[in-house]
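Student: Here are the chains, one letter per residue:
4 protein chains.
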Amino acid sequence: MTVELGNDVAHLGHVELLTDQFEASLAFFTQVYGLKLSALDGSSAYLRAWDDYEFCTLKLTSSPQTGVGHIGYRVASKAALDRRVAAINAAGYKVHGWHDGDESHGSAFRFESPFGHLFELYWDTNRAPSDDPSALKNTASRFTGVPPRRIDHVNLLSSDVAEFRRFMEICLGSRVTEMIKLNNGRLGGCWFTVNNKSYDLACTEEHGKGQGRLHHLTYATDQREDILRAADLFLEAGVHIETGPHKHAIQGTFFLYVWEPAGNRVELANAGARLILAPDWEPVVWTEEERKKGQAWGLKTIESFHTHGTPPAK
Amino acid sequence: MTVELGNDVAHLGHVELLTDQFEASLAFFTQVYGLKLSALDGSSAYLRAWDDYEFCTLKLTSSPQTGVGHIGYRVASKAALDRRVAAINAAGYKVHGWHDGDESHGSAFRFESPFGHLFELYWDTNRAPSDDPSALKNTASRFTGVPPRRIDHVNLLSSDVAEFRRFMEICLGSRVTEMIKLNNGRLGGCWFTVNNKSYDLACTEEHGKGQGRLHHLTYATDQREDILRAADLFLEAGVHIETGPHKHAIQGTFFLYVWEPAGNRVELANAGARLILAPDWEPVVWTEEERKKGQAWGLKTIESFHTHGTPPAK
Amino acid sequence: MTVELGNDVAHLGHVELLTDQFEASLAFFTQVYGLKLSALDGSSAYLRAWDDYEFCTLKLTSSPQTGVGHIGYRVASKAALDRRVAAINAAGYKVHGWHDGDESHGSAFRFESPFGHLFELYWDTNRAPSDDPSALKNTASRFTGVPPRRIDHVNLLSSDVAEFRRFMEICLGSRVTEMIKLNNGRLGGCWFTVNNKSYDLACTEEHGKGQGRLHHLTYATDQREDILRAADLFLEAGVHIETGPHKHAIQGTFFLYVWEPAGNRVELANAGARLILAPDWEPVVWTEEERKKGQAWGLKTIESFHTHGTPPAK
Amino acid sequence: MTVELGNDVAHLGHVELLTDQFEASLAFFTQVYGLKLSALDGSSAYLRAWDDYEFCTLKLTSSPQTGVGHIGYRVASKAALDRRVAAINAAGYKVHGWHDGDESHGSAFRFESPFGHLFELYWDTNRAPSDDPSALKNTASRFTGVPPRRIDHVNLLSSDVAEFRRFMEICLGSRVTEMIKLNNGRLGGCWFTVNNKSYDLACTEEHGKGQGRLHHLTYATDQREDILRAADLFLEAGVHIETGPHKHAIQGTFFLYVWEPAGNRVELANAGARLILAPDWEPVVWTEEERKKGQAWGLKTIESFHTHGTPPAK
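Chains as they are written, first to last, in my numbering: chain P, 1 to 314; chain U, 1 to 314; chain E, 1 to 314; chain B, 1 to 314.
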């Protein structure tokens, strides 16, 4: 049953982001966006927010291209991982199999979405380094005044959102909380979750070219004010602010989108006290007509938001 | 296994609060605290916050006394309810059995904590009235500018917190996220959750007299600013502000406590973006010495916070 | 000397707004925007914010047209009023002379800008009604949880901003804190103040037709969060949100613009802790090229902001 | 006339703070509290907030003792300085005469309060260094995400507040906006301003021993949220948080008090949009009975707030 499968996967764990401007991207994430550096190895930096309990929620990897390397979800238990592996093996999607862990977690089971996005599930994980403790023992690391508290979600692009939805339901047991239904009958976008967060992954329709592209990666802030202050800091640092701060109509999230130096879109977001607690939540369905009203307070979605993704379409 | 049992119960659904000042309490909750009135029957008012998806999260009942009537949790499915009923029947706690529903939900299975708190589990529920829609279809009711977005948690008193913990784990499958360990080896308090919220119920040690007493009931706000503004409104309305706004060391919640006209303590709280996502979260344990530092920013806990509960000790 | 003349005028006192939808406009200002009704006479409503010390800061007047009726500044003393009257009489602008007061203040000296905007200066004034006291005796009226704390500024349109500037300096002793210098050498806009506020009146170039038109009227909020919450309330009330919330590059004000039912543009704004304290402040000059960057965080100014004014151009 | 004299003095310019822990105090102010270092000379650091237009608003000076060195106010013009000097020379207070300037301003006229507080008035001043520009040209220096936007006020102690008030009115032309009237007829405290800020200097009754003691020095933040976030940063840095965040009843300021390493009390404060615009403002008078209600939301004033000052009483 969907609900029980859903409980096998605990939460979005980390995203690997590829950059062809490694030094500049690392400087952005640590000095402007506000993540902490857990470790550096040959070609990757392991980053986390101040209240991420895991060692790494953003693996930033030097690469000839940009976009997303892989997406890792942590499972609810070792037994849950076994159940998920069996389900995925039976489903017919492309399976990469077991992959050695890295600085941040143990071995992981890897598989692909039909659109080339690489996913992994893992149980064994490393915790945030203990040499950076907070004065409050219920906080993962020392609070440093910067906005991102924890990883929030990732938004991927695909040419067939309905097919992507099937993949998410079968492989991760995700449920859909909101979606866009286009006039042509297609799904324009789907927002998924495996827990009480209103979403941990979104898939929206690819309007450019390419496989497995990334739309954006997002961290959560405690307050909306954190995002307003961050906007001023992005301005001072010369970061490209694409759109926001404003409030999404879908999901009601207060948002701000910028591009890190390599062109990957990153967001800061605040959902207030919103959670999906209802076990029988019916997905909210948005029509094209409703989308034409713009964002919650009327901001028109700017063109680049519909077209820009990483890696760039060729 | 605990984890799987935990998944049977979806979330705290509602709390019944008893008042011997029904009219004044109702005026407080609807005109000052900011809840919406879903319905009134003979002796109860059914109230909800603007984003509570259920018809009622606070059942306010006229009574010769104050305190808590019962605490309702909604289960994850009908099958989950059957499993919970079997587990509770087997556990040896006092069972009241099936109870007819009311304006807000279908039939419920009732049972008692060892300290006289009445609990119920239910599946069938009624939704927030549709005649008060929000402009945003993913919001349960029209936003009216008032702080409480949804019900958050309830805090009960008991003479033996360890025993209360056993009750919560067996009957609800709750897990403990934080706790106080006293120098005498007893538990001073336990914070429980059945989902990703950091807590939905707390039990702290009874320092007065009486059985089944309530410490406080809490609704969540979207932002800390909502609580600062509410403090000014409570001041203007002549409401007794007991303590706050300030930040708890335990759970890190930004809080404000007031007494409604009948003396029941109610809180507004904001947890920022904090969630318990780790499936293997180890409870945070606070010592007496750590508690002596006061709240997060040094505020000393005031005396009435340790002694006042409802109904008053006789 | 300019500085000493400047000290003769204490602050912007009130604005008279004309509406051809009196009932709807009054409902908007009292039920959505959040002003208090001090009094009603034949054709006008006298409104104020919760911390305006005067009886009226917005006089809303039923009229066949929209736009601004007059702008009132309060002087620093009776002697200061005499000095100002002498200076204005000597200046050659169109003078209307002494005008009887109304519900809100005593007799006022009236005169016109070269573009037909009617101004008045007055000393005797009435205070906010005493029957609506705050629990805090240093607050003008009872805080009701709504955003506008006090009147902030008004923005007028003129076909020659440099000429308007001369008028403001001579008649009110205003100083310019910021301005736009166009590539053609003209002033695109000027921000004026008579005190430590960074501006109390702005004049921007008229791009439509008509004399004496209003661009917008603004009240100040205590916090930026008040404006975000107001945006949700405007959305729920079906109010036309024109642009924002966002931060102006000029003056750094956090803003939100809506249209009241008759089409007059009204703003909520927050300047944080910004004040102009330097007695020798040099006006900040913005070029066309700098303006092309959009607002502070990159929002492009929308078309209607350049063209819409009241009364509508014919 | 008082009003015109008042206009001679433009604003509080800077405060010299003495520390017997120079390195630790400097680290606190630059790394935790959030000021910028403009310059260092032999024994002093010249500090400013990100939107202070002057080179220095806090002169931190190494000294065998703590407390306040001197308080500098900037005048409105050179002619205004001459008028003030004449008035002070005629008043009979202890005059130190002209004092050479320092890194931050030109020559200053120095004189003493009857309680030994050293004041100076000056016109020529240096601006914030131009090598740290903001992306917004109307902002004095680059925004760095830290709370203090500009210097706000200083609070001094004296054994006779009424006598101190006479001194402020005669020498600076200050006006009183709020005061405490004790049951014994004495003034318990007076809040002064020379401009539209609700206060730039407060004097409260000395309950310890010593002459010319400092109660606290305060910088203003843009938003209340800045203060809540700062509280977490003070906690992480092990700074002694004395009281707050909370809202003062007097002046309505949202506040947070900490002690810098040498024991001088420093505050972060936010007054929202409050300004004193009325030219005929009547001082708000608070009684002892009203003060017993505690701060605005009921917080009891803690004992050290009444007794701790610097230098420590001997």
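I should point out that these hints are in silico values taken from the structure, not numbers from a laboratory.
Take these hints with a grain of salt, some might be off.
Because identical chains share one entry, a pair is satisfied inside a single copy or across any pair of copies.
[Unchecked claim] Below, in silico cross-link-like pairs of lysine-lysine (BS3-like), each with a Cα-Cα straight-line distance of 30 Å or less:
1. Lys-78 - Lys-293
2. Lys-137 - Lys-209
3. Lys-181 - Lys-209
4. Lys-181 - Lys-137
5. Lys-94 - Lys-181
6. Lys-293 - Lys-94
7. Lys-300 - Lys-137
8. Lys-292 - Lys-181
9. Lys-94 - Lys-292
10. Lys-137 - Lys-292
11. Lys-137 - Lys-94
12. Lys-78 - Lys-94
13. Lys-94 - Lys-300
14. Lys-292 - Lys-78
15. Lys-78 - Lys-209
16. Lys-78 - Lys-300
17. Lys-78 - Lys-137
18. Lys-209 - Lys-300
19. Lys-293 - Lys-137
20. Lys-181 - Lys-293
Student: Against each hint, give a clear statement of whether it holds in the structure.
Tutor: Against the structure, the hints:
When the C-alpha separation of Lys-78 and Lys-293 is checked against a cutoff of 30 Å, the pair qualifies neither within a copy, at 46 Å, nor between copies, at 39 Å. Taking the shortest Cα distances, Lys-137 and Lys-209 never come within 30 Å of each other, neither inside one copy (47 Å) nor across copies (32 Å). In this homomeric assembly, Lys-181 and Lys-209 come within 30 Å of each other (Cα to Cα) only inside a single copy, at 21 Å, whereas the closest approach across copies is 44 Å. When the C-alpha separation of Lys-181 and Lys-137 is checked against a cutoff of 30 Å, the pair qualifies only between copies, where the shortest distance is 14 Å, while the shortest distance within a copy is 45 Å.
Taking the shortest alpha-carbon separations for Lys-94 and Lys-181, only the intra-copy value of 28 Å comes in at or below 30 Å, while the best inter-copy value is 50 Å. Taking the closest pair of Cα atoms, Lys-293 and Lys-94 never come within 30 Å of each other, the shortest separation being 39 Å inside a single copy and 46 Å across copies. Proximity of Lys-300 to Lys-137 under the C-alpha cut-off of 30 Å is restricted to the inter-copy arrangement: shortest distance 19 Å between copies versus 43 Å within a copy. Taking the closest pair of Cα atoms, Lys-292 and Lys-181 come within 30 Å of each other only inside a single copy of the chain (13 Å); across copies the shortest separation is 37 Å, beyond that limit.
In this assembly of identical chains, the alpha carbons of Lys-94 and Lys-292 never lie at most 30 Å apart, being 37 Å within a copy and 49 Å across copies at closest. Only between protomers do Lys-137 and Lys-292 lie at most 30 Å apart by alpha-carbon distance; the minimum there is 15 Å, versus 46 Å within a single protomer. In the homo-oligomer, the alpha carbons of Lys-137 and Lys-94 never lie at most 30 Å apart, since the shortest distance is 42 Å inside one protomer and 37 Å across protomers. Within a single copy, Lys-78 and Lys-94 get their C-alpha atoms as close as 22 Å, which meets the 30 Å cut-off; across copies the closest is 36 Å, which misses it.
Taking the shortest Cα distances, Lys-94 and Lys-300 never come within 30 Å of each other, neither inside one copy (38 Å) nor across copies (44 Å). Within a single copy, Lys-292 and Lys-78 get their C-alpha atoms no closer than 45 Å, and across copies no closer than 39 Å, so neither meets the 30 Å cut-off. Proximity of Lys-78 to Lys-209 under the C-alpha cut-off of 30 Å is found in neither arrangement, the shortest distances being 38 Å within a copy and 45 Å between copies. Proximity of Lys-78 to Lys-300 under the C-alpha cut-off of 30 Å is found in neither arrangement, the shortest distances being 46 Å within a copy and 43 Å between copies.
With identical chains, the CA atoms of Lys-78 and Lys-137 are at most 30 Å apart within one copy only, with a shortest distance of 27 Å there and 39 Å across copies. For the identical chains of this complex, Lys-209 and Lys-300 are neighbours both inside a copy (24 Å) and across copies (28 Å), given an alpha-carbon limit of 30 Å. Only between protomers do Lys-293 and Lys-137 lie at most 30 Å apart by alpha-carbon distance; the minimum there is 13 Å, versus 45 Å within a single protomer. For the identical chains of this complex, Lys-181 and Lys-293 are intra-copy neighbours only, at 15 Å inside a copy versus 35 Å across copies, given an alpha-carbon limit of 30 Å.
Checked against the numbered hints given earlier, the structure breaks hints 1, 2, 6, 9, 11, 13, 14, 15, 16 and satisfies all the rest.
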